[in-house]
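In the order they appear, the protein sequences are chains A and B. Those letters in the first sequence? Residues 1 to 515, per full-length UniProt numbering, in order. Those letters in the second sequence? Residues 1 to 333, per full-length UniProt numbering, in order.
The hints are all genuine.
Stretches of chain A that chain B covers, calculated by requiring three or more beta carbons in the stretch to come under 8 Å of a beta carbon on chain B: (1) 61-75; (2) 167-178.
Each computed PhoX-like pair below joins lysine-lysine, with the alpha-carbon atoms no more than 20 Å apart: (3) B/Lys322 with B/Lys269; (4) A/Lys245 with A/Lys308; (5) A/Lys30 with B/Lys186; (6) B/Lys48 with A/Lys441; (7) B/Lys209 with A/Lys30; (8) A/Lys71 with B/Lys90; (9) A/Lys43 with A/Lys30; (10) B/Lys90 with B/Lys258; (11) A/Lys31 with B/Lys209.
Across the chosen pairs, the derived CB separations fall in these ranges: (12) A/Phe227 with B/Lys258: 34 to 40 Å; (13) A/Glu425 with B/Lys322: 55 to 61 Å; (14) A/Arg316 with B/Thr270: 50 to 56 Å; (15) A/Lys308 with B/Glu93: 44 to 50 Å; (16) A/Asp12 with B/Phe101: 24 to 30 Å; (17) A/His260 with B/Asp255: 45 to 51 Å; (18) A/Gln449 with B/Thr187: 45 to 51 Å; (19) B/Asp191 with A/Gln449: 46 to 52 Å; (20) A/Pro256 with B/Asp210: 34 to 40 Å; (21) A/Asp253 with B/His97: 49 to 55 Å; (22) A/Pro256 with B/Val207: 30 to 36 Å; (23) A/Glu425 with B/Asp255: 58 to 64 Å.
Calculated directly from the structure, the hints in this document are not laboratory data. Quantities reported herein were computed from a predicted structural model and do not represent experimental measurements. Ideal placement from N, C-alpha and C gives every residue a C-beta, glycine not left out.
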Amino acid sequence: MATNKKKLSLKDKYQYLTRDMAWEPSYQSKKDIFPQEDFEGIKITDWDKWEDPFRLTMDAYWKYQAEKEKKLYAIFDAFAQNNGHQNISDARYVNALKLFLTGVSPLEYGAFQGYSRVGRQFSGAGARTACQMQAIDELRHVQTQIHAMSHYNKHFNGLHDFAHMHDRIWFLSVPKSFFDDARSAGPFEFLTAISFSFEYVLTNLLFVPFMSGAAYNGDMATVTFGFSAQSDEARHMTLGLEVIKFMLEQHEDNVPIIQHWIDKWFWRGYRLLSLVSMMMDYMLPNKVMSWKDAWEVYYEQNGGALFKDLERYGIRPPKYQDEANKGKEHISHQLWATFYQYCQATNFHTWIPSEEEMNWLSEQYPDTFDQYYRPRFEHWQALQEKGERFYNNTLPQLCQVCQVPALFTEPDDPTKLSHRSLEHEGERYHFCSDGCCDIFKYEPDKYIQAWLPVHQIYQGNCEGADVETVVTKYYHIDAGRDNFEYLGSPDHKRWQAIKGQKPDESQAAKPKNAA
Amino acid sequence: MSIEIKTTSVEPIRNTYSNIKRRFGDKPATRYQEASFDIEAVTNFHYKPLWDPEHMLNDPTRTCIRMADWHSVTDPRQFYYGAYVQNRAKMQEATEHSYSFCDKRGLITRLPEDLQETLLRFLVPLRHVELGANMNNSGVAGDCIAGTVTQMHIYQAMDRLGAGQYLSRIALIIDGGTGDALDRSKTYWMDDALWQPMRRLVEDTLVIKDWFELSLTQNLIIDGLMYPLMYEAFDQWLDEQGAADVSMLTEFMRDWSKETVRWVDAMVKTVMAENEANAVQLQAWVEHWEPRAYEALAPLADESMGRDALDTVRAQFATRLKKLGLTSQGVQA
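Next comes chain A alone, as it looks inside the complex (with noise of 0.2 Å):
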């Protein structure tokens, strides 16, 4: 049955594997096939326009995966059997972890429930195949995580009851809403947020600063992980470009819908990175780089390169980037100054940094640690040392959009806290920033619907009325273990018998005003 047709160059080949097995339907029509394609507004005229990504048949991802796995069960096997967290660089490393359970690894499940949507929801063939590619991959992380967590869980307190928490605790929404609003957003809006401002843009700033810290300290099953999602990301990221070039070219209408979500998943992607430039700053014991260096390199460097190449589409950078560019001064000591008083309602740890720590900061900082925060922290050290360890008992007022409580300044003056709102049907709303308030006035809808965790406090629907109540019994956050300051907690007590060194109850945790 020869031919004297050519043979298949690669690139058509894996077309032939993937996307012409796909037809063009006759007895139900596209639009009840694909319901959710059309909405968003996005038009697409040829979708066999669309460049794979990445050419893996399932055969080759079977085989590649598998190895993957192999060796990264046999490393988590190894740390277990030689209490390999008894390496890590000091007890303190192990609230980064905390973070990262409760923050990010329920997030990769949410991109797992994600794409297996856009998965199916897509006409384009090619862009189904690498969307499951993703979900599939996310399944990988979620559950790789939960693994290499395992035995930090059985050693430390606060990783233990880490999706209950997510659900639940006031600063773990932030994350939470963010994946929730990109689900809950259509298929394109989707995978620009998180494909493209996530795992593009951003992912440098995220899963990167993780992986690195964990490489820092000592954390052998962490970064063994984070080695071996590498190549996963790497598809994830050429997706992400991909996703945004194709919509692009497809129509020029679609440029202004694009520019919105770039916008907004911009600004809600730095304001839930303000949640890593304090891990980044204060969490890691052996320092990687600054916040301010990272988002230097990372965003304004590499992200500025990438938006100057995507200008030729008529895109432009990120509305509010400016504002960020001056933010990553002062993100980071802002959300630990948060965070230090009211790690009373928290899963982890806070504690003030050492002298070195701080001269650290003051280096890295030079035009604002010393003058804006090291005070702040040297008046609660004073006061801790006095035993008066200060905790914050009220509640803080919450973003309607990012939910971050109302912590940041105002971009060009850092002494004066940022804040806006607006009245939307009687209502009113308040927001910690310009960019989250445009968000808002663009979807007002949608954004009025935000389970805030506050006020689900206070309006009774957390199972109790009290700080303490709420914390034990809705969040499962074991008191006096799970939380409150570092010094003398049970995680330090236990650190300071693997050093072998003698318990320091002199700044002890259990304070005289906590909750």
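Use these hints to put chain B onto chain A, whose structure you have.
Then chain B, alone, in the frame of chain A:
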């Protein structure tokens, strides 16, 4: 004499995560348990989906089937991602061996042309059915809830993509890698009367809204008839035509089907046992879709093995259904 390596023993402060402890007690857990149970968000969702404002995210009412806890549907294979890909990697290794053996020895290209054409007309178009099954299972994975259920469906979705790719490669062996045979095979799927009832059925499943109805229709009913017919009975018929070697290229599907039946049956059994309303609804769906699947396969049987082969498959499927508490109206089992 034995070697004794001294290690320090460190007492853990807990055996597993709290959610696992609540379910299975305070003892060391399996990797399947920690990776599958209660990892999904269940409450305090922020926004209604713009694409389905009638429901919330992770909404249990996206199906009319009611379960007190969907985690009671578990995977008898205990597949979490790592276990899944390692299992499939082994299967693909064996399959790869068969494909390269067939290709190298020319076992397919030496078949008479009319038999090669039979493969393109009867076997290779199943790649399109696989793609439909891929879409359906990906959709179910996105709509259904509970980690134990969602993950089985994404594995199933990716498996179907893989099966479709293996079927495509049969045509690529035939045409020497030009794509000609795949193009011709696709015209059978699109235009040949032989395939139209099946294509109509697949397109009809693509608009099923209730995810459990979709999983049942695809993974139990269509596959329950199609796999035995097209990968067992048809395989035997090919053997009788002198094309026994094709078996090597469909072994993956037979192994896969044998394995898949286990989780599909376990799921259906659990859902049936939950309450009477579920049982009634499942029976109604079986009554609606089983005859459709039978009719869709009838032309394929009629033009090759004969209708008896399909009726035998149907009777065997009725027996399988009966074990699950369901009855097939087509056959007195």
